[in-house]
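In order, the protein sequence lines correspond to chains A and B.
Under the working numbering, the residues of the first sequence are numbered 1 to 272, in order.
Under the working numbering, the residues of the second sequence are numbered 1 to 270, in order.
Hints listed in this document are in silico derivations from the structure and should not be mistaken for laboratory results.
Even glycine gets a Cβ: it sits at the ideal position worked out from N, Cα and C.
Heads up, a few of these hints could be off.
[Said to hold, decoys possible] On the chain B side, residues computed to face chain A include the following (Cβ under 10 Å):
(1) I77
(2) W81
(3) I213
(4) V255
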Amino acid sequence: MRLSRPVRWVLAAITALTVAYLYVPLLVVARLSFTRAKSVSLPGDGWTLRWWREAWETDGPREALLLSVRVALVATLIALVLGTLAAFALHRRRFFGRDAVSFLMVLPISLPGIVTGLALQNTFTRTIDLGIVSFEVGLGFHSLVIAHATFCVVIAYNNVIARLRRMSPNLLEASADLGASPFQTFRLVTFPLVRSALLAGGILAFALSFDEIVVTTFTSGSGYTTLPQWIYNNFARPKAPAVVNVVATLVMFVSIPIAWLAQRLSDGPSHG
Amino acid sequence: MLVIYVGSLVLLVVAAFFRLDPASQKPTSDLTTDNLRDALLDTTALRLFGQTVGIAAAVTILSVALALPTAFFIAKIAPRWIRRGLMVGIMLPLWAGYMVKTYAWRTMVAPAGGNKFAAEGRGGGGFLQSVFGMTPGYSTAAVIVALTYLWLPYMVLPVYAGLERMPASLIDASGDLGARPWRTFRSVMVPLLLPSIAAGSIFTFSLSLGDYILPRIVIDGRQRVMFGEFINATLGAPNQPLAAAYTILPLVMIVLYLLAMRRIGAFESL
Numbered sequence: 001m002r003l004s005r006p007v008r009w010v011l012a013a014i015t016a017l018t019v020a021y022l023y024v025p026l027l028v029v030a031r032l033s034f035t036r037a038k039s040v041s042l043p044g045d046g047w048t049l050r051w052w053r054e055a056w057e058t059d060g061p062r063e064a065l066l067l068s069v070r071v072a073l074v075a076t077l078i079a080l081v082l083g084t085l086a087a088f089a090l091h092r093r094r095f096f097g098r099d100a101v102s103f104l105m106v107l108p109i110s111l112p113g114i115v116t117g118l119a120l121q122n123t124f125t126r127t128i129d130l131g132i133v134s135f136e137v138g139l140g141f142h143s144l145v146i147a148h149a150t151f152c153v154v155i156a157y158n159n160v161i162a163r164l165r166r167m168s169p170n171l172l173e174a175s176a177d178l179g180a181s182p183f184q185t186f187r188l189v190t191f192p193l194v195r196s197a198l199l200a201g202g203i204l205a206f207a208l209s210f211d212e213i214v215v216t217t218f219t220s221g222s223g224y225t226t227l228p229q230w231i232y233n234n235f236a237r238p239k240a241p242a243v244v245n246v247v248a249t250l251v252m253f254v255s256i257p258i259a260w261l262a263q264r265l266s267d268g269p270s271h272g
Numbered sequence: 001m002l003v004i005y006v007g008s009l010v011l012l013v014v015a016a017f018f019r020l021d022p023a024s025q026k027p028t029s030d031l032t033t034d035n036l037r038d039a040l041l042d043t044t045a046l047r048l049f050g051q052t053v054g055i056a057a058a059v060t061i062l063s064v065a066l067a068l069p070t071a072f073f074i075a076k077i078a079p080r081w082i083r084r085g086l087m088v089g090i091m092l093p094l095w096a097g098y099m100v101k102t103y104a105w106r107t108m109v110a111p112a113g114g115n116k117f118a119a120e121g122r123g124g125g126g127f128l129q130s131v132f133g134m135t136p137g138y139s140t141a142a143v144i145v146a147l148t149y150l151w152l153p154y155m156v157l158p159v160y161a162g163l164e165r166m167p168a169s170l171i172d173a174s175g176d177l178g179a180r181p182w183r184t185f186r187s188v189m190v191p192l193l194l195p196s197i198a199a200g201s202i203f204t205f206s207l208s209l210g211d212y213i214l215p216r217i218v219i220d221g222r223q224r225v226m227f228g229e230f231i232n233a234t235l236g237a238p239n240q241p242l243a244a245a246y247t248i249l250p251l252v253m254i255v256l257y258l259l260a261m262r263r264i265g266a267f268e269s270l
């Protein structure tokens, strides 16, 4: 494309600015987790591992980390199963209300977390009377998992349906023509093709759940603190910021490589 | 899962019609439209909601302003071999953790001098203050910058995808026909990119609209800037039915917004 040199340079400069905008805050926090100074000014003051050791020896962050991982794992698993089923159902045939369902599938991620959170809390803490049985879901680990699964399902669904759309229907027909039963076709053709999309969706759903705070606050019972909640509760404590820097840096170091891996997986087949 | 979700939303709307028992502060099962009327006539709430929509709109505009040139550079100018790397680089911070980024921005804009949190107050302020000698401090401007930071990748991605689909020859043709760059941008690129921008704005707008944790932290809890915080406070009042009535405002807003964006064709560009 023909563009004058100044235009190119301006665009390159804005891009550089955007990248800096995205990374500088993260680098600042990472730097501060090693600083010896007591303030958040840069350039910090020397290097120390003291805060990392302190974070490791405190119970709060460790327990929060474990809870976050457990919730994210279970929610991801539920989301993958339901999201995949929904994607297959919506992809295969057109039926009445198909658009409505696909519209509803985006709702949980685009509605404000507080609306979702409040709505779910409202449901969980209410006695549900179905005539024969009446029960209350209550708040606790399970409600946290259900709540997380509702938005994780969107990610799983999106990943799988995107892959299904790119997949040629000829493949399935060819498989049937060659005498494969529907189950064999699924096992030998469909599943291997969506496998990496599933894995990528799962990783992203995990990351999303790991990160969530608003819905979490509304649907976790007392005594359940996830890692983001721990940061939220502690950043304002006079002595805590140093440890919060460490926890924040740790979360970055864990989740960024994971996300990178997911990205590679979901793009894999189309790029050779 | 959808049933749970939609069912919960319906229950929430229904909850808005329950009368609050003044004595026990618990919702009763009497139906009333008082909550809804109170919610819709409360000028403080409406002003706050307007401000929240304004902030969400500002975040969206700022995101578009940064995403258009960035995505254009990556899709059309950058050498092919670094394109993918750049896009991955733009998307990765999305996964750094919401609280991590919120906390990072609080650190970035921390002003110099006295502060209620001792550990931050000492020394010459946060990154912006100590490096550039100025900072928006804990202010609405800081909230907008931080929210843009959070959701910007969601805008860059669809715009980039839209630009990739757009043949470079279109832009050259416009130039050959005598259009100046600005004219080409306005009459050729913007109409073609509109669905992509709309798709991105679903994220930047609705995610900003619902956010109240980042604003509270970045503004240092000094004033209420976001509607979500207000709902939360009403809930803690405790007045659950009124809080439910307040949630109807953003709920309706988002549904209308999604429908409008669907008309522009945003859903095909997601």
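Do the hints match the structure? See the list:
no. : hint : result
1   : I77  : holds, 6 Å
2   : W81  : violated, 13 Å
3   : I213 : holds, 6 Å
4   : V255 : holds, 8 Å
In summary, the structure is inconsistent with hint 2 from the numbered list given earlier, while agreeing with all the others.
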